[in-house]
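As given, the protein sequences belong to chains P, C and V, one line each in that order. So the first sequence is numbered by this note's numbering: it starts at 1 and just counts up by one. So the second sequence is numbered by this note's numbering: it starts at 268 and just counts up by one. So the third sequence is numbered by this note's numbering: it starts at 578 and just counts up by one.
A few of these clues could be false.
[To be verified] Going by beta-carbon spacing under 7 angstroms, a handful of chain V positions derived as facing chain P:
#1 609
#2 802
#3 804
#4 808
#5 812
#6 813
#7 816
Keep in mind that the hints were calculated from the coordinates and are not lab data. In this text, a Cβ means the ideal position worked out from N, Cα and C, and glycines have one as well.
If you want the building blocks of each chain, they are given just below.
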Amino acid sequence: MLEVSHLTVAYGTKPVLKDISFQLADGEILAVIGPNGAGKSTLVRALSGIVPPQSGTIHYNGRDLCSLSVQERARLIAVVPQARSLPAGFTARQVVSLGRTPYLNWFGQLSPADEQLVQEAMRRTDTEHLADRLVGELSGGELQRLLLARALVQATPVMLLDEPTTHLDLQYQIGLLNRVVEVVRQPISPNGNGKAHAPAALVVLHDLNLVARYADRVLLLVEGCLRACGTVNEVLKPAQLSEAFGLPLEVMRSPNGKYPLVVPLMA
Amino acid sequence: MKRVRVFLLFVLLLTLLLAGCAQPAAPAATPTPSPLVMTDGLGRTVTLAGPAQRVVSLAPSNTEILFAVGAGGQVVGRDNFSNYPPEAQELPALGDLSGFSTEQIVALKPDLVLLAEIHPPELVKTLEDAGLTVYYLKNPLTLEEMYPMLITVGELTGHKTEAEALANQLSVRVAAVQQEVAEIEDRPTVFYEIDGSDPSKPWTAGSGTFIDTLLEMAKAENVGRALGSQYGQMSIEALLEADPDFILLGDSNYGVTPEQVTERAGWDELTAVKEGRVLPFNDDLVSRPGPRLVDGLEELARILHAVTVP
Amino acid sequence: MKGRTVHPFWIAFAALLAALLLSVLVGSVSLSLADMARVLAARLSGAEIGPDLRVADTILFSLRLPRTALVALTGSALAVCGASYQGLFRNPLADPYLIGVASGAGLGAVIALSLRWRYDVLGLLAVPLASFGGAVLTVLLVVLLARVGRSLPVTHLLLAGVAVNSFTGALTSFLLLRSTGELRRAIAWLMGGSAMGGWQPVLAVLPYWLIGLGILMTMGHALNVMQFGDEQAQQLGLPVEVTRWVIIAVSSLATAAAVSFTGIIGFVGLIVPHLLRLLTGSDYRRLLVLSLPGGAAFLLAADVLARVVMTPQELPVGIITALAGAPFFIWILRRSRTLPYWS
Numbered sequence: 001m002l003e004v005s006h007l008t009v010a011y012g013t014k015p016v017l018k019d020i021s022f023q024l025a026d027g028e029i030l031a032v033i034g035p036n037g038a039g040k041s042t043l044v045r046a047l048s049g050i051v052p053p054q055s056g057t058i059h060y061n062g063r064d065l066c067s068l069s070v071q072e073r074a075r076l077i078a079v080v081p082q083a084r085s086l087p088a089g090f091t092a093r094q095v096v097s098l099g100r101t102p103y104l105n106w107f108g109q110l111s112p113a114d115e116q117l118v119q120e121a122m123r124r125t126d127t128e129h130l131a132d133r134l135v136g137e138l139s140g141g142e143l144q145r146l147l148l149a150r151a152l153v154q155a156t157p158v159m160l161l162d163e164p165t166t167h168l169d170l171q172y173q174i175g176l177l178n179r180v181v182e183v184v185r186q187p188i189s190p191n192g193n194g195k196a197h198a199p200a201a202l203v204v205l206h207d208l209n210l211v212a213r214y215a216d217r218v219l220l221l222v223e224g225c226l227r228a229c230g231t232v233n234e235v236l237k238p239a240q241l242s243e244a245f246g247l248p249l250e251v252m253r254s255p256n257g258k259y260p261l262v263v264p265l266m267a
Numbered sequence: 268m269k270r271v272r273v274f275l276l277f278v279l280l281l282t283l284l285l286a287g288c289a290q291p292a293a294p295a296a297t298p299t300p301s302p303l304v305m306t307d308g309l310g311r312t313v314t315l316a317g318p319a320q321r322v323v324s325l326a327p328s329n330t331e332i333l334f335a336v337g338a339g340g341q342v343v344g345r346d347n348f349s350n351y352p353p354e355a356q357e358l359p360a361l362g363d364l365s366g367f368s369t370e371q372i373v374a375l376k377p378d379l380v381l382l383a384e385i386h387p388p389e390l391v392k393t394l395e396d397a398g399l400t401v402y403y404l405k406n407p408l409t410l411e412e413m414y415p416m417l418i419t420v421g422e423l424t425g426h427k428t429e430a431e432a433l434a435n436q437l438s439v440r441v442a443a444v445q446q447e448v449a450e451i452e453d454r455p456t457v458f459y460e461i462d463g464s465d466p467s468k469p470w471t472a473g474s475g476t477f478i479d480t481l482l483e484m485a486k487a488e489n490v491g492r493a494l495g496s497q498y499g500q501m502s503i504e505a506l507l508e509a510d511p512d513f514i515l516l517g518d519s520n521y522g523v524t525p526e527q528v529t530e531r532a533g534w535d536e537l538t539a540v541k542e543g544r545v546l547p548f549n550d551d552l553v554s555r556p557g558p559r560l561v562d563g564l565e566e567l568a569r570i571l572h573a574v575t576v577p
Numbered sequence: 578m579k580g581r582t583v584h585p586f587w588i589a590f591a592a593l594l595a596a597l598l599l600s601v602l603v604g605s606v607s608l609s610l611a612d613m614a615r616v617l618a619a620r621l622s623g624a625e626i627g628p629d630l631r632v633a634d635t636i637l638f639s640l641r642l643p644r645t646a647l648v649a650l651t652g653s654a655l656a657v658c659g660a661s662y663q664g665l666f667r668n669p670l671a672d673p674y675l676i677g678v679a680s681g682a683g684l685g686a687v688i689a690l691s692l693r694w695r696y697d698v699l700g701l702l703a704v705p706l707a708s709f710g711g712a713v714l715t716v717l718l719v720v721l722l723a724r725v726g727r728s729l730p731v732t733h734l735l736l737a738g739v740a741v742n743s744f745t746g747a748l749t750s751f752l753l754l755r756s757t758g759e760l761r762r763a764i765a766w767l768m769g770g771s772a773m774g775g776w777q778p779v780l781a782v783l784p785y786w787l788i789g790l791g792i793l794m795t796m797g798h799a800l801n802v803m804q805f806g807d808e809q810a811q812q813l814g815l816p817v818e819v820t821r822w823v824i825i826a827v828s829s830l831a832t833a834a835a836v837s838f839t840g841i842i843g844f845v846g847l848i849v850p851h852l853l854r855l856l857t858g859s860d861y862r863r864l865l866v867l868s869l870p871g872g873a874a875f876l877l878a879a880d881v882l883a884r885v886v887m888t889p890q891e892l893p894v895g896i897i898t899a900l901a902g903a904p905f906f907i908w909i910l911r912r913s914r915t916l917p918y919w920s
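Just chain P, same shape as in the assembly (with noise of 0.2 angstroms):
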């Protein structure tokens, strides 16, 4: 379980986090929503250590990440960037690989373990065809299950995923957000991590009807606070969501009754 408790984030004196708390329990996909501003991508940095927090504290089962090393806080959190300017010339299993660095030694070595493993987040992302290709050939989409696929390799019980839906494909977009819950609901088994148990997910999304089809809970940010945190119906609620968006929002029904549409009003 993760714990974020009365988390605040400055840039120099301007915060962008203000009193964030919000729990993440395993094996729960947690959306991150809010208009551009909000502070979405702090939250991930921050969780991820690479901003400190001015003050609050985070916490994975009782442990203080900002006390832990750069190693030991990459065993806990992964994280899947949106896959930009990624090295054009490594080969996608290369770069897969690279997800086991928090376990290697300093050379980098693979054991046989550590190779399975590889091999076995690159079956689950359908990218084992695209083993050998270099990175400057593949699509967007393809580039985007391969970061899936080193957070997987990565074995930690936290993943943030940072808007990975952006700049991709309707379909990708879906075949992304199926392969997470797929992810959490039946975890890879990390070889030599011991346990295997299922990870929980905050993901950084725009569309929010992808958020309404895929989260179990929302957090809504607005200007670095937290207005909502709380399953998908109590948080996409027309008032709070036109408030937040500044624009009128309408929430329906899907046909099949299961989700809500989050649709914008004509005026």
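Chain P is fixed; fit chains C and V onto it per the hints.
Chains C and V alone, transformed into the frame defined by chain P:
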């Protein structure tokens, strides 16, 4: 990884092995008591078994001195720029200041390498490490100091008497020139151009150079003294202000002619240009520390004061 | 992929051996193989060198061997450091001189060259010591300017490097203008002419080479991770700042030591890693290891050319590397259009 360690080990062993091999080769014979022990311009003690019979000269000035004292037949190699006397040009050229071929010097088996002040001390070390005997001749500051240079070279090559005679002759000629110009009150101003590639800022020589010393001795005023350093560029404006009586083209050896000078922008305003007193000058006579400095002095006296010397 | 792990290394190693041999066998004076064999035999057996072999012995052991060693050390140091910087700065134009080693060494050398030194141990070491000191101080200045707290942002380093390089270069040019007498010597040094012979330079450079390259060659994996940017590298568990400090410190020392004796030799640190990438791909573990024999072989070959192309004149080797560098680079550019090998 193991491969890398093996390789590194190999490299280390190789280097140590080679360094170990590099003990200086033991000389084949025990040294006999040497009649020639001298101290060179760097303060080093130089020992020769006898007068040097195979001399490598790496500076044009040294080559001139060697031939002047009669040791020309003992010179086996020269630097690229040794061009006087003409016989010197038939000797093998061994490089210049941007690089000498140490290997070829060694292959000539010299018993003496003569260096001048233009050479860096590292060259001395390099040649010494290659097992050669090196003598470093310091530059003279005045003409008086030039004579001992001749004597030294004479001693090194077994021509001491000739060297002394040469030194005497030279001092007699110098005295003659000085007598001729002794009466002169009105000293002409002279601009000595070393490099006029940029006509707006020609290079000239200031105090501390041979040309300055010689101009002084020839009762002339060196405009370049205003520089405050040994060599430097003087702006055409400063030159116009100084308006020298004579302009001597030290770069005429590189093809610069008085006609070209008249065409330079702004130079046609100079009195010397208008009155045709821009003259070519053989720079070798005033830049090489050796007997030809006296030739240079005489030439200056002749040009500047129409003085004829016997 | 697995099969290839053997071949590139042995290729580079073979190239190195060939270059080493060439460097020892070739020079302005051609020695017969028989003479060389006899000299070698005499040395190994400890026998006295006869007068007829004296010339060959001097040329081989006092001139060519130490020079070969120094050139090999320098070439490998420049290539490994160049590859490290290309990885560290994620820039294909990076070379070991990016943050001030060359400009600082040049300034130190020109200062030392413009003074008169006594002919003693200190005097002879003045130029290498001054250039080493100049290099180290200049890198320190760049690092201090670029520092933000305890971190060293890459963009800051690049900017500070450009600024300090310009400033130091200008100072050096100014000094060169003032001291006309030493101009030629200084220019030759700045072009990369190895002025000092003998084993002293080799022994002086060796400790820096061993420590510097020893550490750098273990940085391959770290550099691979860093290709994804500071953020992702840290999220993958790599201590990015520490790694950067270490690579800069160690690379600067090794490069500074190398150029202090051989002068500024350009292009090696830039070209050799790019050439080797065609063999190894972008994996820095392989690239750094290969750069050692690769850089040594490259510079040795250039040095042999410098010695024989205009004999008896010996050109500064930096001219050869620059002349050879341009066509090589064009060739690499054209090849790389077909495959995105740059990482």
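Results for each hint:
Of the supplied interface hints, the one on residue 609 of chain V is violated, with its beta-carbon coming no nearer than about 47 angstroms to a beta-carbon of chain P, more than 7 angstroms. At a threshold of 7 angstroms, the smallest CB-CB gap from residue 802 of chain V to chain P is about 6 angstroms, leaving the interface hint in force. Look at residue 804 of chain V: its Cβ gets to within about 4 angstroms of chain P, closer than 7 angstroms, so that hint holds up. Given the 7 angstroms rule on beta carbons, the hint for residue 808 of chain V holds: about 5 angstroms separates it from the nearest Cβ of chain P.
Against a cut-off of 7 angstroms between C-beta atoms, the interface hint on residue 812 of chain V holds, since the closest Cβ of chain P lies about 4 angstroms away. The closest approach between the C-beta of residue 813 of chain V and any C-beta of chain P is roughly 4 angstroms, which is under the 7 angstroms cut-off, so the hint is satisfied. Below 7 angstroms, beta-carbon pairs count as interface contacts, and residue 816 of chain V has one with chain P at about 5 angstroms; its hint therefore holds.
When each numbered hint is compared with the structure, a violation occurs for hint 1 only.
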